[in-house]
Amino acid sequence: AQKVTQAQTEISVVEKEDVTLDCVYETRDTTYYLFWYKQPPSGELVFLIRRNSFDEQNEISGRYSWNFQKSTSSFNFTITASQVVDSAVYFCALSEARGNYGQNFVFGPGTRLSVLP
Amino acid sequence: DGGITQSPKYLFRKEGQNVTLSCEQNLNHDAMYWYRQDPGQGLRLIYYSQIVNDFQKGDIAEGYSVSREKKESFPLTVTSAQKNPTAFYLCASYQLGGAYGYTFGSGTRLTVV
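Protein chains in written order, with this note's numbering: chain A, 1 to 117; chain B, 1001 to 1113.
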């Protein structure tokens, strides 16, 4: 069975600090996708990134970066120089890579990030 | 702009009543999904549909029903059989074979009074 663990329930940082959100996953599939979503107070989940299991290159997008390590089954998310607008709940998710997510799209419990001014 | 519209944003239900949550998308996505979110928990799949007139149960389908008569619409009915319906409900859609993840609606918060 697939499982996603986000051990950090809540994190508080002061603006401009760097923060890393942890994600550990379990799957028996050899091909899969990993995702990060942001849920601001408005409620809508916003897609941030999708990573294929064959691509272990780290990704950087502005202040966001992702570290995918297959050896430790982790897909951690770092926000550099955090801002108040980064305050949200962040979800890590896992799916089989058949282009047919269906029941096999599993979300972690989420990490609530509060960035204080 | 393309997207998913969920309505209403807030919904109150008396015990014993059925209520229907609306989800409409104009993205021409094949697949649609309903998730339930409880405080401090991740999203749990209720139902999903990958094609018109067909849908599948997710992990927590009991007490819920859906229909998919049109590609763009996937309403969720919370029946009186659902014993603890107070939650935040999110609808999502996805183009099968697409390169990105789900597109989500802004959610409906259902409260039993």
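The set of hints was computed from the structure by calculation and includes no laboratory data.
Quick reminder that beta carbons are idealized off the backbone N, C-alpha and C, glycines included.
Incorrect hints may have been included.
As the list claims (entries may be wrong) - Just the calculated beta-carbon pair ranges, DEER-fashion: (1) A:S74 to B:T1086: 27 to 37 angstroms; (2) A:T31 to B:T1077: 31 to 41 angstroms; (3) A:I60 to B:Q1041: 43 to 53 angstroms; (4) A:V85 to B:R1109: 18 to 28 angstroms; (5) B:K1083 to A:E15: 35 to 45 angstroms; (6) B:E1069 to A:Q8: 19 to 29 angstroms; (7) B:Q1095 to A:E56: 23 to 33 angstroms; (8) A:L116 to B:K1009: 26 to 36 angstroms; (9) B:Q1095 to A:I11: 43 to 53 angstroms; (10) A:E56 to B:L1027: 42 to 52 angstroms; (11) A:Y64 to B:L1027: 16 to 26 angstroms.
Claimed, not checked - Restricting the straight-line Cα-Cα distance to at most 20 angstroms, the calculated cross-link-like pairs of lysine to any residue (SDA-like) are: (12) A:K38 to B:L1011; (13) B:K1009 to A:F54; (14) A:K38 to B:K1057; (15) B:K1057 to A:E96; (16) A:K38 to B:S1106; (17) A:K38 to B:T1005; (18) B:K1009 to A:S42; (19) B:K1009 to A:P41; (20) A:K3 to B:D1038; (21) B:K1070 to B:G1002; (22) B:K1057 to A:Y25; (23) A:K38 to A:E15; (24) A:K38 to B:K1014; (25) A:K38 to B:K1070; (26) A:K38 to B:K1071; (27) A:K3 to B:P1039; (28) B:K1070 to B:L1027; (29) B:K1057 to B:A1031; (30) B:K1057 to B:K1070; (31) B:K1009 to B:N1026; (32) A:K3 to B:K1070; (33) A:K70 to A:Y25; (34) A:K3 to B:K1071; (35) A:K38 to B:G1042; (36) B:K1057 to A:G43; (37) A:K3 to B:G1040; (38) A:K38 to B:F1088; (39) A:K3 to B:R1109; (40) B:K1014 to B:S1106.
Of the hints stated earlier, which fail here? 3, 6, 9, 10, 12, 13, 14, 22, 24, 25, 26, 32, 34, 36, 39, 40
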